[in-house]
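Q: In case you want the letters, here they are:
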Amino acid sequence: MRKLSILIAGLATTLLVVAAPASAETISYAEATRALIAACGADINANCKGVKPGGNRLQACLAEKAGNVSPQCKETYAAVFASLAARAKAQAAVPQLCKYDAERYCSNFRAGDGRILRCLIRSDHVRKVSKKCNQAITDAGWR
Amino acid sequence: MPIRAVLLVSLSLAAGYTGTAFAQGTLTEGQILQSLAGAGAAAGAAGYDVQAIRSEIDQRIRVEGTENAASPPPTLQALAQLPNITVDVQFDFDSDWILPESWVTVAQIADALHYPVLLTNKFAIVGHTDAKGSREYNRELSDRRAFSVMEMLVTTFNVDPAMLVAVGFGEEQLRDPQNPDSGVNRRVQLINIGPR
Chain A
50 MRKLSILIAG LATTLLVVAA PASAETISYA EATRALIAAC GADINANCKG
100 VKPGGNRLQA CLAEKAGNVS PQCKETYAAV FASLAARAKA QAAVPQLCKY
150 DAERYCSNFR AGDGRILRCL IRSDHVRKVS KKCNQAITDA GWR
Chain B
223 MPIRAVLLVS LSLAAGYTGT AFAQGTLTEG QILQSLAGAG AAAGAAGYDV
273 QAIRSEIDQR IRVEGTENAA SPPPTLQALA QLPNITVDVQ FDFDSDWILP
323 ESWVTVAQIA DALHYPVLLT NKFAIVGHTD AKGSREYNRE LSDRRAFSVM
373 EMLVTTFNVD PAMLVAVGFG EEQLRDPQNP DSGVNRRVQL INIGPR
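As you go down the protein sequences, you meet chains A and B in turn. Per the numbering used here, the first sequence runs over residues 50 to 192. Per the numbering used here, the second sequence runs over residues 223 to 418.
Since the hints were made in silico from the structure, they are not lab data. Idealized CB from N, CA, C, for every residue including glycine. One or more hints might be untrue.
Chain A is nowhere near these chain B residues, computed Cβ spacing over 10 Å in every case [claimed, not checked]:
#	residue
1	V272
2	Q273
3	I275
4	K354
Partial selection, computed: residues in chain A whose CB lies under 7 Å from chain B [to be verified]:
#	residue
5	A79
6	R83
7	I93
8	R167
9	G190
10	W191
So these bits of chain A aren't anywhere near chain B, every CB distance computed over 10 Å [said to hold, decoys possible]:
#	residue
11	S119
12	A131
13	P144
14	K148
15	Y149
16	S172
17	K180
18	T187
Make the full structure from the sequences, and use the hints.
A: Spelled out as structure tokens, the structure:
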């Protein structure tokens, strides 16, 4: 049991680090969700049955039921949702951070549906694309 | 004691096969991607009109003698030709709430949909039931479940809503028509309906 708590604490720490704004590493949605379910699956089933995770509803429920929610879940869920939010923010920032590179290297691609992104990450372009654009694409989890 | 309804999520991409089923917990991102990559133009008709498909199903439900028919309506047959991967998504009984144990599966689908090779395509999330209960009820439940998967992909995992459409086929396209009540018929498909 002690090992398990250490593991969970480790996971929570990892997520916290990842969620920090300056962090470069983006964990996958599956990894984030695995951490959430490992720590909170039982709490969700017991306290928040029927609550969907989108739109802050699950966090609101877990906060409301805080008295019944396990410590490992409390440690984890905020970090998980922070990491999801950080990744969404990184994705939203890509068009602006890659605007110059897109105009320079991918002007012949139609905008708005992933074609420019595919152009920017092509191996012959990755080397030329600006560092901030490359980093933004990595943070967005789009490689 | 709620009975758990097992649905299957099936992701469809390149042309020509009906997909592989993966048991809960054994699915990997690599399998999803591998199954989904290379769809492109092969999926062809980006013109799938979900509203038209919905009314085709509703019309058929009203026709006597079409229940458990060996062959589904033509549009649905055409969609079945698109390649796909099948995974488990479990819902609460009689509900569109995805059980927490299946959230990782939806997250894996989201990870796949965020890969640049798939970002240029559009996907139909299709809900299917078995033949227990009325056809109308099953259509409605499968519709809500398909929308629930789409909602989680969009609101929790930031998948672009422009990449997705959702529709419920009810029991009109059974996976195992010889055993209409079998659990293998309950599933959700994600079908690559071509470049967007």
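Q: Determine for every hint whether it applies to the structure shown.
A: We went through each hint and held it up to the structure:
no., hint, in the structure
1, V272, "holds, 18 Å"
2, Q273, "holds, 22 Å"
3, I275, "holds, 23 Å"
4, K354, "holds, 22 Å"
5, A79, "holds, 4 Å"
6, R83, "holds, 5 Å"
7, I93, "holds, 5 Å"
8, R167, "holds, 5 Å"
9, G190, "holds, 6 Å"
10, W191, "holds, 6 Å"
11, S119, "holds, 14 Å"
12, A131, "holds, 13 Å"
13, P144, "holds, 12 Å"
14, K148, "holds, 18 Å"
15, Y149, "holds, 19 Å"
16, S172, "holds, 12 Å"
17, K180, "holds, 19 Å"
18, T187, "holds, 12 Å"
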